[in-house]
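These protein sequences, in sequence, are chains A and B.
Under our numbering, the letters of the first sequence match residues 358 to 478, in that order.
Under our numbering, the letters of the second sequence match residues 38 to 204, in that order.
Certain hints may be false.
Unchecked claim - Calculated cross-link-like contacts (lysine-lysine; reagent style DSS-like; alpha-carbon spacing at most 25 Å):
no. : chain 1 : residue 1 : chain 2 : residue 2
1   : B       : K158      : B       : K93
2   : A       : K466      : A       : K476
3   : B       : K130      : B       : K93
4   : A       : K466      : B       : K173
5   : A       : K408      : A       : K431
6   : B       : K158      : B       : K54
7   : A       : K431      : A       : K407
8   : B       : K130      : B       : K87
9   : B       : K93       : B       : K54
10  : A       : K466      : B       : K158
11  : B       : K93       : B       : K173
12  : B       : K130      : A       : K468
13  : B       : K173      : B       : K87
14  : A       : K468      : B       : K173
15  : A       : K407      : A       : K423
16  : A       : K423      : A       : K408
17  : A       : K431      : B       : K87
18  : B       : K54       : B       : K173
19  : B       : K54       : B       : K161
20  : A       : K460      : B       : K173
21  : B       : K173      : B       : K130
22  : B       : K158      : A       : K468
23  : B       : K87       : A       : K460
24  : B       : K93       : A       : K460
25  : B       : K161      : B       : K173
26  : A       : K466      : B       : K87
27  : A       : K460      : B       : K161
28  : A       : K460      : A       : K475
29  : B       : K173      : B       : K82
30  : A       : K460      : B       : K158
31  : B       : K161      : A       : K468
32  : B       : K130      : A       : K466
33  : A       : K431      : B       : K173
34  : A       : K466      : B       : K161
Note that these hints are calculated values from the structure, not bench results.
Next come the chains, spelled out residue by residue.
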Amino acid sequence: MVQYMQPRLDASFAALSDATRRGVLEQLGRSDASITDLAERFRMTLTGMKKHVGILERAGLVTTEKVGRVRTCKLGTRRFEEEAEWLERYHQVWDSRFDELDKVVEELKWKERTDERKKRK
Amino acid sequence: MNARKESELAPTMNRTKVERTSEREVVVTRTVNGPARIVFEAFTKSELFKRWWVPKSLGLTLLSCELDVRVGGTYRLVFSHSGSEMAFFGTYKEVTPHSRLVWTNDEGDGGAVTTVTFEDKAGKTLVVLRDLYPSKEALDAGIGSTDGMGETFDQLDELIAALGAGS
Chain A
358 MVQYMQPRLD
368 ASFAALSDAT
378 RRGVLEQLGR
388 SDASITDLAE
398 RFRMTLTGMK
408 KHVGILERAG
418 LVTTEKVGRV
428 RTCKLGTRRF
438 EEEAEWLERY
448 HQVWDSRFDE
458 LDKVVEELKW
468 KERTDERKKR
478 K
Chain B
38 MNARKESELA
48 PTMNRTKVER
58 TSEREVVVTR
68 TVNGPARIVF
78 EAFTKSELFK
88 RWWVPKSLGL
98 TLLSCELDVR
108 VGGTYRLVFS
118 HSGSEMAFFG
128 TYKEVTPHSR
138 LVWTNDEGDG
148 GAVTTVTFED
158 KAGKTLVVLR
168 DLYPSKEALD
178 AGIGSTDGMG
188 ETFDQLDELI
198 AALGAGS
């Protein structure tokens, strides 16, 4: 478990280790913003901001969406994705449980029927 | 022709549905092809229960299964997973034959209370299972715990929240 946690954690903490990127997260916590907005606010070149956003994006802390010529950034949706994955796993577990339960129920029904037949004889 | 129709309908009828119905609750529903009396038996007799509760796809081996199904009675399931043992246990809070079971999940903090209802529908049974967590946080922790990341990301969320609050 620990082994595969590590890359994600490393990426997250590396992303948070920079003051500008923490600032970007604070900003996006208040409202979504385009890369241009963010570059202006943090008095930075577009290329510089793109790099920071890229790091936050790879860490799953920010998502971006390009509409026309504007790339809008928002706080990451990892929690939602995690929830969807979790529900999917929940579903898989219960689906296979119920499939097995079906077999048990079929067997019990069959047993009841044969027991009744025996009684009638 | 009829047989074919039935087999086409079957997957829809037997479909397992899982929904997060609130911040604290997840609900699983499925129709089982047998009377509630029999389905209830499969939930409450350990020799039957252990045949279906741990499907092979889970990658777990059930080492022991003790169910004392009565109000105040306890259950204990012990699994082995890649060399280590895990126990799941709790107490039955409600036991209404053929229609309702409520049990706690006490193996960790913030465990859900599970309510299962069995509703007879013309020889079939609608099974509705609700896992109600004590808080949104407890459910969210459960979400993360399946890949071991929940607590870590909660901490990260807190950190981000703190950063936001500081500005």
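**Report entry** Distance restraint between B/K158 and A/K468, which requires alpha-carbon spacing of 25 Å or less
**Finding:** Within the cut-off at roughly 21 Å; holds.
Query raised in the report: Given the hint that A/K460 pairs with B/K161, does the C-alpha gap stay at or below 25 Å?
Result: Holds, because 14 Å separates the two Cα atoms, which is no more than 25 Å.
Query raised in the report: Straight-line Cα separation of A/K431 and B/K87 no greater than 25 Å?
Result: 46 Å, violated
Query raised in the report: Is the straight-line distance between the alpha-carbon of B/K130 and that of B/K87 25 Å or less?
Result: Within the cut-off at roughly 21 Å; holds.
Requested in this report: Below or equal to 25 Å on CA atoms is what counts here, so check A/K460 against B/K158.
Outcome: Answer holds: A/K460 to B/K158 is near 19 Å, not above 25 Å.
Query raised in the report: Holds or violated: are the alpha carbons of B/K130 and A/K466 at most 25 Å from each other?
Result: 28 Å, violated
Query raised in the report: Within 25 Å, alpha carbon to alpha carbon, are A/K466 and B/K161?
Result: Distance of about 12 Å is within 25 Å: holds.
Report task. For the pair supplied as a hint, B/K93 and B/K54, confirm whether the alpha-carbon distance does not exceed 25 Å. Result -> 20 Å, holds
Report task. Assess, step by step, whether the Cα of A/K466 is no farther than 25 Å from the Cα of B/K173, and give holds or violated. Result -> At roughly 40 Å apart (the allowed maximum being 25 Å), B/K173 and A/K466 break the hint.
Query raised in the report: Taken at face value, is the distance from the CA of B/K173 to the CA of A/K468 at most 25 Å?
Result: Violated: A/K468 and B/K173 sit about 44 Å apart, past 25 Å.
Query raised in the report: Regarding the pair A/K423 and A/K408, is the alpha-carbon distance no greater than 25 Å?
Result: Given that 25 Å is the threshold and the Cα spacing comes to 16 Å, the pair holds.
Query raised in the report: B/K87 and A/K460: Cα distance at most 25 Å?
Result: 13 Å, holds
The structure is inconsistent with the numbered hints 1, 3, 4, 11, 12, 13, 14, 17, 20, 25, 29, 32, although it conforms to all the rest.
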